[in-house]
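Residue numbers (the working numbering), protein chains in the order written: chain C, 84 to 341; chain Z, 84 to 341.
Hints listed in this document are in silico derivations from the structure and should not be mistaken for laboratory results.
Mixed in with the good hints there might be a few duds.
A pair counts as met if it fits within one copy or between any two copies, since identical chains are not told apart.
Below, in silico cross-link-like pairs of lysine-lysine (DSBU-like), each with a Cα-Cα straight-line distance of 35 Å or less [what the hints assert, rightly or not]:
| no. | residue 1 | residue 2 |
| --- | --- | --- |
| 1 | Lys116 | Lys231 |
| 2 | Lys311 | Lys339 |
| 3 | Lys339 | Lys167 |
| 4 | Lys87 | Lys311 |
| 5 | Lys311 | Lys231 |
| 6 | Lys87 | Lys339 |
| 7 | Lys87 | Lys167 |
| 8 | Lys116 | Lys87 |
| 9 | Lys116 | Lys167 |
| 10 | Lys311 | Lys116 |
Number of protein chains: 2
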Amino acid sequence: MDDKAIVIGGGVGPMAGVALHALIIENTLTDGKDQGHFDVQHFSRSADIPDRTAFLTGSDARNPAEGMARTFRCAWAALSACGKQGVGAVPCNTFHAPAIFDPFLRILEREGIRIPVLHLLDETMRFIDEAYPGLRRIGVLSTSGTRKTGIYRDLLAANGRELVELPEERQADLQDAIYNPEWGAKAVCPVSARSRELMAELTGLLAACGAEAVILGCTELPLGLPGKSLNGILLINPVLALARALVREADPCKLKAL
Amino acid sequence: MDDKAIVIGGGVGPMAGVALHALIIENTLTDGKDQGHFDVQHFSRSADIPDRTAFLTGSDARNPAEGMARTFRCAWAALSACGKQGVGAVPCNTFHAPAIFDPFLRILEREGIRIPVLHLLDETMRFIDEAYPGLRRIGVLSTSGTRKTGIYRDLLAANGRELVELPEERQADLQDAIYNPEWGAKAVCPVSARSRELMAELTGLLAACGAEAVILGCTELPLGLPGKSLNGILLINPVLALARALVREADPCKLKAL
Chain C
84 MDDKAIVIGG
94 GVGPMAGVAL
104 HALIIENTLT
114 DGKDQGHFDV
124 QHFSRSADIP
134 DRTAFLTGSD
144 ARNPAEGMAR
154 TFRCAWAALS
164 ACGKQGVGAV
174 PCNTFHAPAI
184 FDPFLRILER
194 EGIRIPVLHL
204 LDETMRFIDE
214 AYPGLRRIGV
224 LSTSGTRKTG
234 IYRDLLAANG
244 RELVELPEER
254 QADLQDAIYN
264 PEWGAKAVCP
274 VSARSRELMA
284 ELTGLLAACG
294 AEAVILGCTE
304 LPLGLPGKSL
314 NGILLINPVL
324 ALARALVREA
334 DPCKLKAL
Chain Z
84 MDDKAIVIGG
94 GVGPMAGVAL
104 HALIIENTLT
114 DGKDQGHFDV
124 QHFSRSADIP
134 DRTAFLTGSD
144 ARNPAEGMAR
154 TFRCAWAALS
164 ACGKQGVGAV
174 PCNTFHAPAI
184 FDPFLRILER
194 EGIRIPVLHL
204 LDETMRFIDE
214 AYPGLRRIGV
224 LSTSGTRKTG
234 IYRDLLAANG
244 RELVELPEER
254 QADLQDAIYN
264 PEWGAKAVCP
274 VSARSRELMA
284 ELTGLLAACG
294 AEAVILGCTE
304 LPLGLPGKSL
314 NGILLINPVL
324 ALARALVREA
334 DPCKLKAL
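All chains, full assembly: derive it from the sequences and hints.
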């Protein structure tokens, strides 16, 4: 058992962590037996991690970095108890805004928590390079927090690609599809028809604006749009990119072909 | 945060742990926000836990109790690191055979790992009593290991109910639907059509033999038969019973109505 354990810093939202966990299993090559699967340690400590968008837009001063660092402290204790090295990830796009992700990494370093953490958005860019190198104009659906940071725009530009985003006046609808307390994707599992229809409409709108593919840049979105495409529009799921990256880092021999 | 953390002793098989995790989330009453969900710590250490049926049928001498106890040692370290009490469960029917479950509990006690562990089959009986008290003749599909122990027969009899099981000559087919290394439910996710069709046929056979409902008594079975019923036959999912029991023990105020 020289392979690494995979640590999921979950709970953001909780069902996105479950989706990542399932994709790790689905992308692992085994001999068909339970025993060929990775050691996955999945911590879903939602109550300790304030909303990421609320922090980025200034309506909550508490940085979610701190609660997630406490989650990784638990993971570090568990890894130490079973004598394993680990590789970790956080399945939340908005968490990767530098105002959150950078202090998070600094806390881990300061506390001696030696779990390397993959970067969800960097891995998504790598996935696009490998699987769809010809794409030039790429749509992104994301929370208002992620949008505000411009992180997808910068990463795509650095990769020679162009971002297509929603008209400003439709962003509130997307935020509602994710956050509405009655019918949003964070509130209802499985995702409600109303939320799914809105996600689908906004995906179509990005394609109509010239996007050749659409990145589902909030981990609740693939819960509502689980397919690889929608009405002929290619969907790129960052959680799938992350699952495959975690398998690659834990033991590259066990990564299934795409 | 006085509620308890929920510990999943997963990996047996790994996708059954994911199914339990998802059902915990789906059965938790929240205000629609991530932060209302439980602290779930899910350890999937498949490689360290030998096959349960192989142990019970004598083809592997290693008791899976020991690896699962090491899993709970990791959980205990993680809970200690975040100062939480926990309540745990193992989503594998076969693991609850007394020859495995009893030594498992003894190791936890000896090592001072103070995480109470719910019993999957006891919780399934409680679920039937609460949700379907009128049932008298109940079919059970299970691994050959679980079947050999007679544990479902004894529990149903103690509850004034009668077990309907497969004709002996069809048990190998059910074992194959779960374990076949090419197309069985442990080998292929999502579950293959061949495995699903066999599960459905055997469910129908139990109904034809007089079962008023069928317990999917191996945690791979609900992955292939996810509905509440099949061709009018009521399906009872022990993993759902367990998810609801964990929520009840962690904080009864947060248990959704059925």
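Quiz item: Hints broken by the structure, by number, lowest first?
Solution: No numbers; nothing is violated.
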